Amino acid sequence: MRQSHTAVVTRNAAWDGPFATEPWETAWAIEAIYFVRILEPPPLRIVMQYRVEISPDGIHWAELFQGTFAFDEQNPLWYRQLNHFGGWLRLSGKVSYSPEMRRRVIRGLIREPRFMAYLTLKS
Amino acid sequence: MTRNLPPALDLFDPLDRILVHDDFNRGMQGWTGLVGNYEDSLDSMLPEYADLRDPMLSNLTVWDTGTDGSLHGNYAMKLATLPRTGALAVAIKRLTWRVATRIRWESIVTFKPEASELKLSSTDVRAFGILLDLQDGDLKAQPHRVMPHIRYLNADESGRREQWQYKSTHRTVHDIGGRGETKSHFHLGPDSWTDLPDGSQRLCYNEIATKHNWYYLRLDFDLRDMQFREFQCNNRTYECRDIEPIRIPAMPNLWCMLNLAYFVETNSAKRAFLYVDSSLLSTDRE
Numbered sequence: 001m002r003q004s005h006t007a008v009v010t011r012n013a014a015w016d017g018p019f020a021t022e023p024w025e026t027a028w029a030i031e032a033i034y035f036v037r038i039l040e041p042p043p044l045r046i047v048m049q050y051r052v053e054i055s056p057d058g059i060h061w062a063e064l065f066q067g068t069f070a071f072d073e074q075n076p077l078w079y080r081q082l083n084h085f086g087g088w089l090r091l092s093g094k095v096s097y098s099p100e101m102r103r104r105v106i107r108g109l110i111r112e113p114r115f116m117a118y119l120t121l122k123s
Numbered sequence: 124m125t126r127n128l129p130p131a132l133d134l135f136d137p138l139d140r141i142l143v144h145d146d147f148n149r150g151m152q153g154w155t156g157l158v159g160n161y162e163d164s165l166d167s168m169l170p171e172y173a174d175l176r177d178p179m180l181s182n183l184t185v186w187d188t189g190t191d192g193s194l195h196g197n198y199a200m201k202l203a204t205l206p207r208t209g210a211l212a213v214a215i216k217r218l219t220w221r222v223a224t225r226i227r228w229e230s231i232v233t234f235k236p237e238a239s240e241l242k243l244s245s246t247d248v249r250a251f252g253i254l255l256d257l258q259d260g261d262l263k264a265q266p267h268r269v270m271p272h273i274r275y276l277n278a279d280e281s282g283r284r285e286q287w288q289y290k291s292t293h294r295t296v297h298d299i300g301g302r303g304e305t306k307s308h309f310h311l312g313p314d315s316w317t318d319l320p321d322g323s324q325r326l327c328y329n330e331i332a333t334k335h336n337w338y339y340l341r342l343d344f345d346l347r348d349m350q351f352r353e354f355q356c357n358n359r360t361y362e363c364r365d366i367e368p369i370r371i372p373a374m375p376n377l378w379c380m381l382n383l384a385y386f387v388e389t390n391s392a393k394r395a396f397l398y399v400d401s402s403l404l405s406t407d408r409e
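Line by line, the protein sequences are chains P and B. What the first sequence shows, in the numbering used here, is residues 1 to 123, in sequence order. What the second sequence shows, in the numbering used here, is residues 124 to 409, in sequence order.
Hints were generated in silico from the structure; no laboratory data involved. Small disclaimer: the values here were computed from a predicted structure and weren't measured. Yeah, the Cβ is synthetic: ideal placement off N, Cα and C, and Gly gets one too. Some hints could be false.
Coverage of chain B stretches by chain P, computed from C-beta distances (three or more under 8 angstroms per stretch; other residues unrestricted) [to be verified]:
| id | stretch |
| --- | --- |
| 1 | 163-177 |
| 2 | 200-214 |
Beta-carbon label-pair distances, calculated as ranges [as the list claims (entries may be wrong)]:
| id | chain 1 | residue 1 | chain 2 | residue 2 | range |
| --- | --- | --- | --- | --- | --- |
| 3 | P | Gln66 | B | Asp345 | 53 to 59 angstroms |
| 4 | P | Lys122 | B | Ala392 | 31 to 37 angstroms |
| 5 | B | Lys242 | P | Glu31 | 34 to 40 angstroms |
| 6 | B | Gln152 | P | Gln49 | 33 to 39 angstroms |
| 7 | P | Gly86 | B | Tyr339 | 28 to 34 angstroms |
| 8 | P | Gln3 | B | Asp345 | 32 to 38 angstroms |
| 9 | B | Lys263 | P | Ala20 | 47 to 53 angstroms |
| 10 | P | Gly67 | B | Gly189 | 28 to 34 angstroms |
The following residues of chain B were derived to be distant from chain P, with all beta-carbon distances above 12 angstroms [stated by the list, open to error]:
| id | residue |
| --- | --- |
| 11 | Arg221 |
| 12 | Gly301 |
| 13 | Ile371 |
Using the sequences and the accompanying hints, generate a full structural model.
Right under this line is the structure:
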């Protein structure tokens, strides 16, 4: 039977601006999916520009892919499928609010968005 | 008695009944992360639990010599903290017991800081340790939840310590949420650790941050009186009958609980790693 494992690489993170998940060792796996879910999605869109990064040692990182997730109430969950990534993976990038979104967060009308990120691996 | 066992088992000294032998070449085998209790929102958990990091499978790859592998193959379980002084990582496995008897938990482990600097770095890991989270059976008069903790304090802000410690007292148990159904207390803080008698022990750090030497650990505990018996690390055995584990009134839904956990804590703004090659839990045959 093939091995599989879902890692919660970020739990309830208040990402606003640059972020990077902790390094995750993936040498045993040949396929992976990063899932990112926004908890309590706000009515206004939040854009995440992301990079999937690989590493020979968990210390030095190179970009494998980049892309954009756009979160809103209809699209609270996004994913990126991966293969041929070697021994380490991490997800980094930047979360951007619109000016209106930031105004509402500062006024306490909307809760600061929180994120869950999962790395689902299969041998 | 001579036993004809494969090497991965023969390095242990189990009691009569082997309950669990986790060799991480076979995957995570029920070991997972620890999250604080919560109700309605993750924000309701005690803040000390919010950033505990979960365990992963590692082949012990380092930047200068590549892959070390584990003791009997490629993979070990790895606990990795955040790169923040005092950050913790925890791995836990959850069982229940069926007969209150003596239990023996043996492990092959090693610890290192992240090799992000070309320095000795031997005081960058603050501590690693093991704990049991136990509760008496539901028929016992005056039942308790009992939490034996033992850690190796490698270093602290004052420098090298190399001291085994245990914990007998605990922080306040808090109500979580508003329904009166959930409680939580943080038991891995830096407070309340006591030196184990004669518990100073120097280990094989081995010169640089990328060399991994494996250690043997053994904890004997008795579920009949919920007391420590013995603890062993490599060449040193510590008599533990006179030390007290954390003991609190039984909780309403933890009967016969038998949880095992490893933890590691960093002493600098650098990730600390604890690797577990394998773990074996055995009991007396009733």
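Over 12 angstroms to the closest beta carbon of chain P is the bar; see if Ile371/B clears it.
Holds, since 27 angstroms exceeds 12 angstroms.
31 to 37 angstroms was suggested as the range; check whether the CB atoms of Lys122/P and Ala392/B agree with it.
With a Cβ separation near 34 angstroms, Lys122/P and Ala392/B satisfy 31 to 37 angstroms, so the hint holds.
In terms of beta carbon proximity below 8 angstroms, does the stretch 200-214 of chain B have 3 or more residues touching chain P?
holds (count 3)
Range hint 28 to 34 angstroms (beta carbons of Gly67/P and Gly189/B) holds or violated
At roughly 31 angstroms between Cβ atoms, Gly189/B and Gly67/P fall inside 28 to 34 angstroms, so the hint holds.
I want to verify a distance hint. Is the separation of the beta carbons of Lys242/B and Glu31/P within 34 to 40 angstroms?
With Cβ atoms ~37 angstroms apart, the hint holds.
Quick check on a hinted range of 32 to 38 angstroms for Gln3/P and Asp345/B, using CB atoms only.
36 angstroms, holds
33 to 39 angstroms as the expected CB spacing between Gln49/P and Gln152/B, which holds or is violated
For Gln49/P against Gln152/B, whose Cβ atoms are near 38 angstroms apart, the range 33 to 39 angstroms holds.
Okay, the stretch 163-177 of chain B and chain P, do three or more residues pass the C-beta test at under 8 angstroms?
Result for this restraint: holds, n = 5.
Status of the stated non-contact between Gly301/B and chain P (beta carbon gap over 12 angstroms):
18 angstroms, holds
May I ask you to test the hint 47 to 53 angstroms on the CB atoms belonging to Lys263/B and Ala20/P?
Since the Cβ atoms of Lys263/B and Ala20/P sit about 49 angstroms apart, the hinted range of 47 to 53 angstroms holds.
Would you check whether the claim that Arg221/B is not at the interface survives, using Cβ distances to chain P and the 12 angstroms cut-off?
28 angstroms, holds
Range first: 53 to 59 angstroms. Now tell me if the beta carbons of Gln66/P and Asp345/B are that far apart.
56 angstroms, holds
Of the hints listed earlier, there is not a single one the structure fails to meet.
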